[in-house]
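> Residue numbers (the numbering used here), protein chains in the order written: chain D, 1 to 114; chain S, 1001 to 1115.
Hints may contain errors.
[Claimed, not checked] Over 12 angstroms on every C-beta distance to chain S, these chain D residues come out as not near it, computed from the model:
#1 Pro-8
#2 Asp-26
#3 Met-32
#4 Thr-54
#5 Gly-63
#6 Tyr-64
#7 Asn-70
#8 Arg-72
#9 Gln-85
#10 Ser-94
[Stated by the list, open to error] Going by beta-carbon spacing under 8 angstroms, a handful of chain S positions derived as facing chain D:
#11 Gly-1043
#12 Lys-1049
#13 Gly-1108
[Said to hold, decoys possible] Stretch by stretch, here's where chain S covers chain D in the computed footprint (C-beta under 8 angstroms, at least three residues):
#14 11-23
#15 75-84
It should be emphasised that the hints constitute simulated quantities derived from the structure, not laboratory data.
Note that the structure is predicted; figures quoted are calculated from it, not measured.
Note that CB positions come from ideal geometry on N, CA and C, so glycine has one too.
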Amino acid sequence: NAGVTQTPKFQVLKTGQSMTLQCAQDMNHNSMYWYRQDPGMGLRLIYYSASEGTTDKGEVPNGYNVSRLNKREFSLRLESAAPSQTSVYFCASSEADGRYNEQFFGPGTRLTVL
Amino acid sequence: AQSVTQLGSHVSVSEGALVLLRCNYSSSVPPYLFWYVQYPNQGLQLLLKYTSAATLVKGINGFEAEFKKSETSFHLTKPSAHMSDAAEYFCAVSAFSGSARQLTFGSGTQLTVLP
């Protein structure tokens, strides 16, 4: 049981380049989330998917797109990377019907945009 | 809207001393509250959660937290710090927004344990 996995672990991009961050979970969870973590700001929600086939914007969606490929996989795409997107990105999953929304996190992707 | 405030972005304690990390919440309904821990270069791991079953919640690694409605607080404590407790700790509140329950995180408290 791997839990939540993310690829790649590290990435360096130049301004304007594009890339996709991959996330997969093997816990049969319905809901999946993408966060970014910046120093002193905690985690901020970028996008989430309450169930397969649905996606919604979170607190900081600008500059990002997502795809819920199937129940297991939820990808985050940067179409034209900017230095302000330098951050650590975390994917998480949870039971959709869980009252408490306990979320399980992946190990993160450290992205640097030059 | 729900929110959490963590008082103190950095806390230092000596090994063996009491750990106290503060979290205050704002919620219009009975909240579901969480503490997560993040070790260096890792993802977040759940320490404990409050789900209204009991006001004193015990978690992993000897941590516990007490829900105090009158003070809107959910402070995290551990009687005796260990070097391995050095990490960043996040308080979070669960709220329904849009099409799903979401977690709103505090800004985090970095715990340093001194030998």
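> All the hints need checking, so say for each whether the structure fits it.
Here's how the hints hold up against the structure:
Interface exclusion of Pro-8/D from chain S stands, the closest Cβ pair being 14 angstroms apart, more than 12 angstroms. The Cβ of Asp-26/D sits about 15 angstroms from the closest Cβ of chain S, beyond the 12 angstroms cut-off, so the non-interface label holds. The claim that Met-32/D lies off the interface is violated: its Cβ sits roughly 10 angstroms from the closest Cβ of chain S, which falls inside the 12 angstroms cut-off. Residue placement check: Thr-54/D does not keep its beta carbon more than 12 angstroms from all beta carbons of chain S (closest about 6 angstroms).
Every CB of chain S lies more than 12 angstroms from the CB of Gly-63/D, the least distance being 20 angstroms, so the non-interface label holds. With 12 angstroms as the threshold on Cβ separation, the claim that Tyr-64/D sits away from chain S holds: the shortest Cβ distance comes to roughly 16 angstroms. With a minimum CB-CB distance of about 18 angstroms to chain S, Asn-70/D clears the 12 angstroms threshold, and the non-interface call stands. Here Arg-72/D stays apart from chain S, with its beta-carbon at least about 17 angstroms from theirs, past the 12 angstroms limit.
With a minimum CB-CB distance of about 19 angstroms to chain S, Gln-85/D clears the 12 angstroms threshold, and the non-interface call stands. Against chain S, the non-interface label of Ser-94/D is violated: not every CB pair exceeds 12 angstroms, the least being about 8 angstroms. Because the beta carbon of Gly-1043/S sits about 4 angstroms from the nearest beta carbon in chain D, less than 8 angstroms, this interface hint is met. The interface hint given for Lys-1049/S is met, as the beta carbon of that residue sits about 6 angstroms from the closest beta carbon of chain D, less than 8 angstroms.
Interface restraint check: Gly-1108/S against chain D, minimum CB-CB distance 5 angstroms, threshold 8 angstroms, status holds. Coverage of a stretch by a chain is defined here by at least three residues with a beta carbon nearer than 8 angstroms to that chain's beta carbons; for the stretch 11-23 of chain D and chain S the count is 0, and the condition is violated. Look at the stretch 75-84 of chain D against chain S: 0 of its residues bring a Cβ nearer than 8 angstroms to a Cβ of that chain, fewer than three, so the hint is violated.
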